[in-house]
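Enquirer: Take a look at the letters that make up each chain.
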Amino acid sequence: MIAWWKELKKEFNYYVHNVKDIATLEKEIIEDFSLFDDWTEKYQYIIELGQKLKPLDDQYKTDDRKIKGCQSSVWLHAYSNDGRIYFDADSDSTFVKGEIALLINVLSGQKPEDIVAAELAFIDAIGLRQHVAVTRANGLAAMIKQMKLYALGLQSQAV
Amino acid sequence: MLPEMTEINLQPFDVEKVRSDFPVLAQHVYGKPLVYLDNAATSQKPQVVIDALADYYTTYNANIHRGVHFLSQKASQAFDDVRVKVKEFIVASSEREIVFVRGTTEAINLIASSWGRVNLAAGDIVLVTTMEHHSNIVPWQMICAERGAEVVPIPMDDCGVLDMQAFGTLLTDRVKFVSVVHTSNSLGTINPVKQIIEQAHARNIPVLVDAAQTVAHQAVDVQELDCDFLVFSGHKMLAPTGVGVLYGKEKHLEAMPPYQGGGEMISSVSFSGTTYNEIPFKFEAGTPNIADVISLGVAIDYLNAMDRKAAAAWELTLMKLTSEKLSALEHVRLIGTAKEKSAVVSFIVDGVNAMDLGMFLDTLGIAVRTGHHCTEPVMHRLGIPGTVRASFMFYNTAAEVDRLVEGVKKGIQLLRA
Ligand SMILES: Cc1ncc(COP(=O)(O)O)c(C=O)c1O
Chain A
1 MIAWWKELKK
11 EFNYYVHNVK
21 DIATLEKEII
31 EDFSLFDDWT
41 EKYQYIIELG
51 QKLKPLDDQY
61 KTDDRKIKGC
71 QSSVWLHAYS
81 NDGRIYFDAD
91 SDSTFVKGEI
101 ALLINVLSGQ
111 KPEDIVAAEL
121 AFIDAIGLRQ
131 HVAVTRANGL
141 AAMIKQMKLY
151 ALGLQSQAV
Chain B
160 MLPEMTEINL
170 QPFDVEKVRS
180 DFPVLAQHVY
190 GKPLVYLDNA
200 ATSQKPQVVI
210 DALADYYTTY
220 NANIHRGVHF
230 LSQKASQAFD
240 DVRVKVKEFI
250 VASSEREIVF
260 VRGTTEAINL
270 IASSWGRVNL
280 AAGDIVLVTT
290 MEHHSNIVPW
300 QMICAERGAE
310 VVPIPMDDCG
320 VLDMQAFGTL
330 LTDRVKFVSV
340 VHTSNSLGTI
350 NPVKQIIEQA
360 HARNIPVLVD
370 AAQTVAHQAV
380 DVQELDCDFL
390 VFSGHKMLAP
400 TGVGVLYGKE
410 KHLEAMPPYQ
420 GGGEMISSVS
430 FSGTTYNEIP
440 FKFEAGTPNI
450 ADVISLGVAI
460 DYLNAMDRKA
470 AAAWELTLMK
480 LTSEKLSALE
490 HVRLIGTAKE
500 KSAVVSFIVD
510 GVNAMDLGMF
520 LDTLGIAVRT
530 GHHCTEPVMH
540 RLGIPGTVRA
550 SFMFYNTAAE
560 VDRLVEGVKK
570 GIQLLRA
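Line by line, the protein sequences give chains A and B.
Residue 95 in my numbering sits at position 95 of the first sequence, with consecutive numbering throughout.
Here my numbering runs 159 ahead of the position in the second sequence, where the first position is 1.
Same shape as in the complex, but just chain A:
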């Protein structure tokens, strides 16, 4: 492919998909959270994100989209377009929705190989893992695992 076209396509992708790379998005979240003084404020912010999360269409709330290992019900719907993976999700817990919103913000619209490789250090950096009880931390881990599994699935389909 001609170099300028490659460049253009990259720009196009950036604007159309609005995808910054994972590291940049993680850095932004860490910056957002650095504004908060205490855990109550962080919690409230996560709740806000949960309340703003685009609701998942009921047709996707199926058992096969339910994530195992979460104490709350969590549904994760994934689809791909143009070699990128997109996620939508829902939960009966607003806090869990907030957590998913953070993950979606970072991972949705990324390339499968980047999703698989993502270390998601922001979760520790914003103090999330330290504050959620073990059961919930497991739920968070299960969500990440499921997102990566989708990405892996797509990656293997591609080759």
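Be aware that one or more of the hints could be misleading.
Below, a list of computed lysine-lysine pairs in the BS3-like style, where the Cα atoms sit at most 25 Å apart [stated by the list, open to error]:
| id | chain 1 | residue 1 | chain 2 | residue 2 |
| --- | --- | --- | --- | --- |
| 1 | A | K42 | B | K568 |
| 2 | A | K111 | A | K20 |
| 3 | A | K42 | B | K569 |
| 4 | A | K148 | A | K27 |
| 5 | A | K52 | B | K568 |
One-sided excerpt, in silico: chain A residues whose CB lies under 7 Å from chain B [unchecked claim]:
| id | residue |
| --- | --- |
| 6 | W39 |
| 7 | S93 |
| 8 | F95 |
Just so you know, these hints were derived from the structure itself, not from any lab.
Please read these numbers as outputs of a predicted model, since none were measured by experiment.
All C-beta atoms in this analysis are idealised placements derived from N, C-alpha and C, irrespective of residue type, glycine included.
Using the hints provided, position chain B with the ligand relative to the given structure of chain A.
Expert: For chain B with the ligand alone, coordinates are given in the frame of chain A:
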């Protein structure tokens, strides 16, 4: 609906004085003073109990009943004294009826496995209640599956009150054992165990009482109850984790086969045959939990030294205060409104996930528990996924009730937005 209180104490219990005995309570979490309302999960420990643990390891740690030396004798004496204390604490007739175990769960597993193995047969029924802790369901399911027997629950009504009429009907010839919770950990209901025991005994059926949520809050007299077994955990009554008590009538313990084999539980061992030690040692295989048993004794001393009636009345006052204030909030529904209730307030908020609310309260330094509280059948019966539960101990204050209620109010505003 509000629980009607039988006894309300308007005389303030000297809670500040008692609080100073519990070092954990003085701390801040997330920069806010801790409000500990998860006492049904485990109680905090007074300094004397913590000191007893350290003292044992610092000054007389030794294995017991084996050594001729000074330390071993001192430790053995301290250990044996606790058996007597426990006997007196629950008014058993002999310390031979007191078996030390890890906790309520182990005690029930021991009885289900040992008693059940020789006494349950195909077609038999073990009666429990709908409001049992999983610890008083699963061990029975396991032994019943092995023996071809069945676990059947006594139903309860919407308020969390046991259906005693149904109990009468369920008490058929097929029933070989009744195992009931005295005080429900998720609803607070205090069950009429004495009546249950009387009715079961009229048919010669032995009864186990799960007193895990009872012993810290009210006096228990096993002879008066006439229960066949009574079990509880130390950690819910100011003692350390890892120690609990199984009370069993001598005749039952004598007849039951050992649960585990090993040291301490034998009288002599040879390859041609082993004879078991007498009760209670027959059920205490291996080196026991010496330090925690000794500290359990100190916890009992602590409880005995306080005005337990006043403490109990204070707990009920806190419970009533909380129930009143919470039920006055829009969207809040109390779960478990039996007339006979302990200091547990379970509730749900319409449109708010219980765990979200519990977590919000945590950010304010308020410790509650959320979920099914290891009583899933209760949640199924009431058609709810779980509750938020505040459970009180005599060291809680009216100001803490206010912090909880304020927190719930704020939480509702935030989470119902
Ligand atoms: C009523 C009841 N039974 C049994 C148990 C189990 O006690 P443990 O976990 O100490 O064995 C509990 C503890 O939550 C309880 O509340």
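Enquirer: Determine for every hint whether it applies to the structure shown.
Expert: Hints, verified against the model:
Distance restraint check for K42 of chain A and K568 of chain B: the Cα-Cα separation of roughly 19 Å lies within the 25 Å cut-off, and the hinted pair is therefore satisfied. A hinted pair counts as satisfied when its Cα atoms are at most 25 Å apart, and K111 of chain A with K20 of chain A qualifies at roughly 11 Å. Restraint check for K42 of chain A and K569 of chain B: satisfied, since their Cα atoms lie roughly 15 Å apart, inside the 25 Å limit. Annotation: proposed proximity of K148 of chain A to K27 of chain A holds, straight-line Cα distance about 20 Å (limit 25 Å).
Between K52 of chain A and K568 of chain B, the direct Cα distance comes to roughly 22 Å. Compliance with the 25 Å bound is thereby established for this hinted pair. The closest approach between the C-beta of W39 of chain A and any C-beta of chain B is roughly 5 Å, which is under the 7 Å cut-off, so the hint is satisfied. A distance limit of 7 Å between C-beta atoms decides the matter here; for S93 of chain A the minimum to chain B is near 4 Å, and the interface restraint holds. With a cut of 7 Å, the hint placing F95 of chain A at the interface with chain B holds, because the nearest CB-to-CB distance is about 5 Å.
No hint from the list above goes unmet by this structure.
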